[in-house]
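Enquirer: Kindly generate the complete structure, drawing on both the sequences and the hints.
Chains as they are written, first to last, in the working numbering: chain A, 1 to 154; chain B, 155 to 863; chain C, 864 to 984.
Here are the simulated lysine-lysine pairs, BS3-like style, with alpha carbons at most 27 angstroms apart:
hint : chain 1 : residue 1 : chain 2 : residue 2
1    : B       : Lys162    : C       : Lys974
2    : B       : Lys380    : C       : Lys974
3    : C       : Lys886    : B       : Lys162
4    : B       : Lys531    : C       : Lys921
Facing chain C, from chain B, some residues (calculated, C-beta under 7 angstroms):
hint : residue
5    : Ala157
6    : Ile161
7    : Thr164
8    : Phe165
9    : Glu168
10   : Arg198
11   : His201
12   : Ser202
13   : Gly206
14   : Gly208
15   : Ala209
16   : Lys331
17   : Gly332
18   : Phe337
19   : Glu341
Non-contacting residues of chain C with respect to chain B, defined by C-beta distances greater than 12 angstroms in every case (computed):
hint : residue
20   : Phe890
21   : Gln907
22   : His908
These are calculated hints, taken from the structure and not from any lab test.
Just so it is clear, CB atoms sit at the ideal spot from N, CA and C, and this is done for glycine as well.
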Amino acid sequence: MTDINSANRIELISFRIGDQEYCVDIMAVREIRGWAAATPLPHSPAYVRGVINLRGAVLPIIDLANRLGFGATETSARNVIIVVRIGGRVVGLLVDAVSEILTTTADAVQPTPDVACDAVKKFVKGILAVEGRMISWIVLDQILPDDAVLEVAA
Amino acid sequence: MDAFESIKVTFFQECDEQLAELENGLMALEAGDGDGEVINAVFRAVHSVKGGAGAFGYEDLVKFAHTFETALDLMRSGKLAIDADAVRVMLRASDVLADLVHAARDGGSVDQERCDTLAEELTLLASGESKPAAMLEPEEEEDSFGFTPLQIALDDTPAPSGRWRIKFKPHQALYAKGNDPLFLLREVARLGECEIEMDADGVPSLDALDPDGSYLSWTVYLDGEKAESDIRDIFDFVESDCDLVIDREGAAPKPVVEIVPPVAATPAVAAPRAVAPARAEPEHRDEAEPGKAAASAGGASASAPPAATIRVDLERVDRLIDLVGELVINQAMLAQRVGETGAVERSSSVALGLDELEQLTRELQDSVMAIRAQPVKSVFQRMPRLVREIATATGKQVRLVMEGEGTEVDKTVIERLSDPITHMLRNAVDHGLEGPDERIDAGKPAEGTIKLAALHRSGRIVIEVSDDGRGINRERVRAKAIEKGLISPDVPMSDEEIDNIIFLPGFSTASAISDISGRGVGMDVVKRSIQALGGRISITSQPGRGSTFTLSLPLTLAVLDGMVVTSAEQTLIAPLTTIIETLQPKDGEVHRMGPNRAVLSVRDSFVPLIDVGVSLGFHETPTSPTDGVILLVESEGGGRAALLVDAIQGQRQVVIKSLEANYQRVEGVAAATILGDGRVALILDVDGLVAQRAADNRTSDPIPLAKAG
Amino acid sequence: MTKRILTVDDSRMMREMLLLVLKEAGFDVVQAEDGEHGVEVLEQHGADVIITDINMPKLDGFGFIERVRAGQSHRATPILVLSTESEAAKKQRARDAGATGWIVKPFDAVKLVDAIRRVSA
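Expert: Below, the structure is given as structure tokens:
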């Protein structure tokens, strides 16, 4: 690992979708919980699986695989929901499994390769090489559907 | 200084209260409801604002408040008539005063021209009646600090050398007013070296002694560096309650003319007049006294002791309400799970205990919700001024009458009322009411009336905005809607349906909302924002007579009584207030109009049939009506529909959870809730579903209605 | 012994200001929001010096002073009027009602305390 001091250190949580690895800034993560069946929402994009109850609050669940352009996740009890804060909203990301917490520095992040498809480029901030694995850093602001998208879907 | 800042905050809070008092009082006067006490209260409000503003040095505010106060003072002393014109000027002045207060608070600026114009109008009013002496200049007061506010400008002729000789004999009255010669003499002693002689010759023998009597007098010899005025200052307030002679030791005793009543100190112009009132005052006061005493006694017995209140952090109340909401969910979950085990007998103590628990939980919830309930008055309060301004801007004459300000509603709803009400009022003044000439031609009074009322109706809060204007021009509205492709020309529409066209998206354009309405927001946006709250809005109109907007909102955005239903294996909640009845449809009652359009015949009419599962996109194939259950619902616009669901599970009070908090508004869904099993269930937006079907009907090709049979 | 001051004023802001100033000067302070209330508080708590406003609802300053003077317990307690007005006629009226002194608002903290010391021990 590169030399890290508190000034330039960043912490990330990495997780798996299919056989790909991704990570998000730990500051955005509120908690991690197991899978629960979601109540579907009408007129919503396919990647919005629905909503679940998180201690009394209604939490939308985003199927991250679907959002990234891969097919819909086939869920089972082994799936994991990463609860994140995006802007003023709290949202759940449906993933396959959570791996570990990574500590690194900003300069360790490499730019996303050009060959990546548009969807990936929109969401991926950069790539990290960790022990020979390639981990894509997901940026969350674009994850939620915006109003325009919703109206088309309606 | 932190404490000082907090006092400033209090000042501005108080100003808001005073401004509200002021406006209410003036409006009462305008309506002819004013008694003597109202004008006093109005005066006090402005006086109070001025006083506080002076303490903080808000010069512009003080100046304007002073001019305002002067005119009000004349009104309260009867020297200026409280007629409609004068009151109107006062109302406009109160608006300017409010602007000045807020500018002082927020550091903004005011429309100086408007300020000056009104100051002139006020001065004009005042000078029409008053005598110059009554108009005190603010400067005079600014000078005044400490114990002797008005500098007694007695001439200080250079004293002959020698000490001052002060002969001081207090009258009984001096003692009676809480003064003590000791302190007065002590003050004198502070001025320099002195020698004091007391003369006790006047003291009678013990049996003749009146404990309240004044028998002592003093002579003080004071080293002469101080000016005579310094000495007089000390005795300023008590001069009329004592014999005071100040001269130089050795000089011949000065003539009595020295002891001039302090009133001489006021500016020369005022002097002659001021003396007279001083004399006249006592008699005047005596007459007024019994009246006042009686009034205050009467007042004291008439008003009930105010209910005790405490101030609580809003956050704590919100937290309490959330917790009680959770309790409701938990209690429901518990009841459900116990029911599922089947192990508990209906009549067993456990079952009874659970029933009691449910009762208690409900009561707790109602009580707790009531804590946060507030009267709509706080929202209504801003409206008179708004109406005044729009009226002025559009050249119309408007009177706003408000009713039901005490109607209570949860805090969560109150905050959302302001915008819709503002829009409805703008609409009423701008479009609803005719100009004065047009009104007169129509045989109406030049002044239009708008009524803003709040009331509770079937478990909701209803706000009505009605005007006596020209009503909706149905021809024009219909034509415009057709022109914009919003409705189909061949579909027959009831008057009421035409009236409500203004709520269709795309109807309101710049021409419909004039410049002064500001944001150019259409009625459809207003409607959607109200729907987001679970509310409804509609309009009814009588051409030539006027229109009425009706806005209805749930009493709270926190709980809802709902009917639990299932559709396409999803559990949904339909708000109970929308449901008229539930039906089991029979074959002959359903009539198909097309692939996705059907109607149900209910007694004498046909009602559109909406398959909820299909509408919400849960499944494609519609349920067979005879396999399901119909909820006959009515939307605020008056439109009815038959909602087809699979089954009814029961009725429950549910805690409303917002979808918008973490997600978005979803078509057809009003909000969400958490059921006993911990899962999220969606709450149907009945109005939305009905409106959607109506919109579908309008824009597609008309299909002739087949008769039943 | 700490002197107790009763302040009577319908303005919350003024009451806060007086409380601040007087407490800092070492006085014990009790407050009322109008003349009626002032009579009650005086009865309950007593006072060594009274400071009162003139323009108040229910019972104004003049009425309040008269009531205090007519009572037994505080007939000779110093009463200072604290008011924005300075009209001679009003001052005379206050005098006639039995006021001991008159201070004009806005008040200077030092002068206020001074005035209090001038009328009491």
